Every structure is written in structure tokens, then in C-alpha cells.
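K.L.:
Here is what each chain is made of, one letter per residue.
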Amino acid sequence: MSDPDAYIALVSSLPGSERLFVAKQPPLSRLRLDRRLTALTLEDARVLKLLEHALNWGDYDMDVTDAQAIERCKEALRDIPQPTLRKLLLERMDLRTAVAALRLRKQGGNPAAGTFGMGRWARHIPANWTDPTFKLDGPMPWIKEAKQLLDAEDPLGLERLLLSVSHKQLKKHAARHLFDFEAVAIYVLIWNIFDRWSQSNAQDAAKRFEHLAQQAMADVAEIDFDGASA
Amino acid sequence: MNELVLTLGWLGIYAPMALGAAASAIGCSIAGMASIGAMTETEGGYGRFVGVSAFPSTMVIYGIVIMFTLNRDVTPENAGGLFGIGILSGIALMYCGIWQGRACAAAINATKEKPEIFGLSLAPAAIIEGFGVFAFVFALVISAGIS
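So the sequences go chain by chain: A and B. All the letters of the first sequence, read from the start, carry residue numbers 19 to 248 under the working numbering. All the letters of the second sequence, read from the start, carry residue numbers 121 to 267 under the working numbering.
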């Protein structure tokens with residue numbers, strides 16, 4: 019358990035995580051966030067880096083193998099002393115394992131051995147491979163919707179669903195940590211979700227822009243520049 | 121033996137003041153750190169933050185009053201009573217001060233996002249203040265029975 023009053027000034031200096039999702043402009047850039055995080059002790063900064071390194075997709079190479087990703091998470095679990103952060107990491111791995119299994123099955127693949135991914139459901143999932151939701155409806159009520167989105171080939175919708183589930187998991191843990199290191203770490207992870215969320219919005223906006231541009235160009239094609247319509 | 125008993129009596133007289141001062145110092149610093157953090161994020165209302173962070177300073181005042189009330193010639197007959205009332209009221213004040221500081225820090229943190237909940241967010245700190253007042257008042261009442 020961390021010192022409950024370790025980062026009072028730091029936490030109070032951060033905009034509320036709820037505001038991240040409603041603001042038109044990001045209330046806190048990564049640069050400013052990093053500047054605030056200089057208040058962390060060296061050890062806490064190391065743990066936070068480890069946690070982000072294990073959870074951020076941006077920190078993985080495109081050709082990373084399952085075994086490498088799992089090893090990185092196991093390494094992080096060994097080095098993170100805070101039980102809440104370890105639990106949080108495991109929960110995220112459970113989520114990723116389930117989604118990876120859904121994707122593999124959709125592609126017609128099968129789990130290589132009796133286990134798949136890491137976490138609590140690593141053996142349960144291969145044992146229930148033919149069940150639409152791997153019999154995980156209870157512990158993972160979102161899995162049915164994830165499968166539907168995957169079947170409908172809606173990657174943006176799936177991305178948003180997973181970000182929303184991850185956000186809920188983080189908020190659940192945040193309720194028990196107000197001013198300690200865990201509160202700071204959870205804030206940074208929520209900020210990362212916000213960052214991904216805003217990127218997915220940008221992609222959405224880019225799609226819409228392309229659609230509108232094509233429409234506009236179609237109208238332009240019908241215009242006779244000599245003054246008469248085609 | 122008598123010397124030890126007399127020492128405990130003096131300890132009891134000064135304990136509410138010392139523990140009350142420690143409570144106020146810790147509580148004010150906790151709430152003060154929150155107000156400093158909030159000031160970097162907000163554009164105004166700084167006075168409110170500073171005002172709230174001074175809430176736990178009342179604990180030392182209660183401690184001083186209890187100390188003056190208990191202050192008398194210490195004898196082997198009254199030393200035990202002075203020790204008991206002084207130490208326990210001091211511990212109660214200390215807990216109230218530290219936790220009031222945390223409640224104020226949470227209030228400041230919440231208020232920076234939603235200024236409209238300023239009054240309501242102070243309710244937990246006010247309730248803790250009430251517990252401090254209980255410890256204070258009943259220390260005075262009980263001390264009247266000590267010769």
C-alpha cells in the first residue's frame with residue numbers, strides 16, 4: 019500500500035479525468051502531463067514506465083509475437099509492487115486475451131496448446147472454444163457485443179467498446195485511490211485511453227471528410243466551367 | 121513512583137496542546153498541498169482553496185483550551201485523571217485534524233472541477249469538525265470532576 023498522501027499536489031494539479039472525454043480541446047497535453055509527472059519519485063516513475071510499456075500498443079513492434087507480449091507483461095507483474103496496479107494489469111490482459119481469441123477464431127485459427135494468452139481465462143478459453151462467447155458472459159458482459167462488432171467488421175466500434183470497458187475498469191480502481199501513486203498511475207492510464215479515443219475520433223473524422231470530399235468532387239464534376247450545367 | 125505519576129499528570133496537561141498542534145500542522149499541510157495543486161490548474165477562486173486548507177487549524181485551539189482547563193497543581197491524586205483526559209482528547213484531536221485535512225484536500229480537488237459543489241463538498245470536513253468539538257467539550261466537562 020502506497021502512502022495515501024504522497025501526491026496530493028500532483029493529483030490536484032491534474033484536470034479531472036472525466037473532463038478529458040468531454041472537452042473539445044485536450045485539457046492536458048502529453049508534454050504537460052510529463053512535466054507534472056516529474057514530481058514522481060524515481061521508483062514510482064520507473065513503475066509507471068513499466069506499466070505503460072506493458073499496456074501501450076504503441077510500445078510494441080508491429081511484428082511482436084504473443085510469447086514476447088506475454089513475457090513483457092509477466093516481467094511487469096514481477097516488478098510492480100502495488101497490488102492494485104498488478105490487478106489492473108491482469109484485468110487488461112484478461113480483456114486482451116479474450117479479444118485476441120475472438121479474432122483468432124474469426125480467422126479460423128485454433129489455440130496452439132491447451133492455453134491461450136495469459137491470465138485467469140488462459141485455459142478456460144481453449145476449453146470452450148466453440149462457444150460463441152467462450153462461456154465468459156458472466157465475468158465479461160461486454161464480450162457478446164465485442165463478438166457482434168467483430169462479426170460486423172466494425173473495428174472502430176470494437177475499439178471504442180474496448181476503450182470504454184478499460185475506462186470503466188480503471189474508474190472502479192480509482193475510487194479507492196485519491197492521492198497516492200496508484201491514483202497517479204490510473205490517471206495516466208485513463209489519459210492514454212483518452213488519447214486513443216481522440217485518435218479514433220480523428221480517424222472517424224478523416225473517414226467522414228473523405229466521404230464529403232468525394233461527394234463534393236462528384237458535384238464539381240457535374241459543373242461546366244463555361245457556365246452551363248452538364 | 122510518585123515522580124512517575126506526577127510526570128504522567130504533566131504529560132496529560134500538555135498532550136492536548138501538543139497533539140492538537142501536530143494535528144493542525146499535518147491537516148493544514150495536506151489540504152494546503154491540494155490547494156497549491158489546484159491553483160496551478162484553475163484560473164480563480166484561490167482564496168477559497170487557501171481558506172479551506174486552514175480548516176484543521178481549529179484543532180490546536182481546542183487543544184490549547186483543554187490544556188488551560190487541565191492546568192492545575194499536579195498531585196498523585198489527580199495525575200491519573202489529567203493523564204487520561206489529556207492523552208485521549210489529544211489523540212482524538214490528532215485523528216480529527218489529519219482526516220479533516222484529507223477531507224479538505226478531496227473537497228479542493230473536487231471543487232476545482234465543479235465550483236458549484238463547493239459548499240456541499242465541505243460537509244465531510246464539517247462533520248469531522250463536529251467530532252473534534254465532541255472530544256473538546258467532553259474533555260472540559262470531565263475535567264471539572266478532577267480535584
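Treat the hints as calculated values from the structure; they're not laboratory data. Treat the hints with caution; some may be incorrect.
[Claimed, not checked] Across the chosen pairs, the derived CB separations fall in these ranges: (1) B:123 to A:22: 36 to 44 Å; (2) B:207 to A:21: 54 to 62 Å; (3) A:186 to B:171: 30 to 38 Å; (4) A:97 to B:138: 17 to 25 Å.
Values in this document were obtained by computation on a predicted structure and should not be read as measured data. From the three backbone atoms N, C-alpha and C, an ideal C-beta is built for every residue, glycine too.
K.L.:
Which hint numbers doesn't this structure obey?
P.N.:
Result: hints 2, 4 break, sorted rising.
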